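Enquirer: Chain by chain, the residues:
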Amino acid sequence: MRVVIAEDSAVVRAGLAEILADSGHQVAAAVGNADDLLAAVDEHQPDAVVVDVRMPPGYTDEGLRAAVAIRRDHPGTGVLVFSQYIETRYTADLLGAASAGGAAGVGYLLKDRVADVEEFIEALARVAAGGTALDPEVVTQLLGASRRDDRLGSLTSRERDVLALMAEGRSNTAIAGILVVSERSVEKHVGNIFSKLGLAPSDADSRRVLAVLRYLQS
Amino acid sequence: MSGGNVSREPLIMRILVRPAAYRHRKVWGVACVAAGLWLLVLGFILCYFAFWWGSALIAVGALELWVAYRLLVAPLPQRVRELERSRAHLVDDSAARLRQIERDLHDGAQAQMVAVTMKLGLALKKLGGMVDGTGQTDLDRVLELVAAAHRGAKEAVAELRDLARGIHPPALDQGLGTALTSLAARSDVPVELVLDLPERPSAAIETIAYFCAAELLANVGKHSGARQAALRAVHVPGLLRVQVSDDGVGGAQVEARGGLAGLAERVKTVDGRLRVSSPPGGPTVVIVELPPRA
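Protein sequence lines correspond, in order, to chains A and B. The first sequence begins at 2 in our numbering and counts up one residue at a time. The second sequence begins at 289 in our numbering and counts up one residue at a time.
For the record, the hints were derived by calculation from the structure and aren't laboratory data. Please read these numbers as outputs of a predicted model, since none were measured by experiment. Every clue listed holds true.
Here are some chain A residues pointing at chain B (derived, C-beta under 10 angstroms):
hint, residue
1, D9
2, K112
3, E119
In silico negatives: residues of chain A with every beta carbon more than 12 angstroms from chain B:
hint, residue
4, M2
5, L39
6, A40
7, D43
8, H45
9, R73
10, D74
11, P76
12, G77
13, I87
14, G97
15, P137
16, E138
17, T157
18, L166
19, S186
Ideal Cβ positions, reconstructed from N, Cα and C, are used throughout, including at glycine.
Required output: the full structure, derived from the provided sequences and hints.
Expert: If you want it as structure tokens, here you go:
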């Protein structure tokens, strides 16, 4: 996959480029600010971008705004936002941009997650393929924010686990592996979750995640 | 209470009251009240016997009371405005400092550690591949990755130490003298140190004195081109005086939004003051005077 990296810290940028190159991916460009990122995406049309939220000149949310713009203007490019903090508002902006683009292709991960190189590359590949990859922290925050909702309260703890993993962007097979249960029972849980939350089941991983998250945000 | 601006006093005050009195407004003010009241009482009594002499005494007494009013009460609104300004500055200053600390952490040690985890993650993946036979054996590459991670971790530790010292220098717990000694020892320009601190100022004053000295010495290293600097911290009655001087190029100024202006503002929050003498060609002398308690 061809990737553009936008990250203002030189050490982190170099580290990311090293990891991607080592995993056999092509780093089309590695830039240090949002303007350069937009220019690089226009030029290279990458499969995915990895973008830091805080970048020069303002060090606020330049990266996030660039990410939203890329989702809008380049539907074929997956956007993985990569940050030291998780902000619920950023998640909402990103998912909003994703749903407006008609597909997912967004991810939001804490920088810590890159310590597990393979999981990070997997998440990036998922985003590049139009899936989602949300940090467990994002999911916890979203679930925490909507805990008062009665319908969510009706989920069993196992169903909540499955929902959290679904929200991270995992497939049923992956969820079955993580929870050490059969794929069949995961499917059953997913069905229960959808019916308890009043959502029509769907085959597309990304759409079900978005549906669930949008429901959680409401 | 601080001196206030003597030149703004009415002419008659400047004729009647010597400038020294403004430094001890309370003492002189109370003395004037006492003297004024006595003169009034005496004047009224004298009026029975010698009307004009009595009236003269009453007039002098009234003048004394007016002087007392100028010394004690008149500066208060001005003083309140000063305090409001310096409090606002203090709040801005601490918010800005917190933001700076967060930025330093984010850009420094935190980014460094993210890079370290990346390198170790990659090394782990390669070692895992070697052990279970799925990857190619490339110990040199793993060694290189671990060495880079090791270097990064050491840099992060050094950055964290510097940052922690910037927030609160541990040496300050041992007293201002100890902290200034280690500050002088770390300076790039050789520093002649003179300390005379028979008693410890309060913690807030020590901290401000330390950061003033640190910033002034840093300025010497950055801007002055000096070969020799001197740091003096002496305790004179009622005052802690910190003086940083150098034999550099001079021309230092308290400019709006400049480093020295920031220091002057910080010093003002505890009723201290900062004076700069830095003619072109040097030498530069900066004197910070602080009350021993705040």
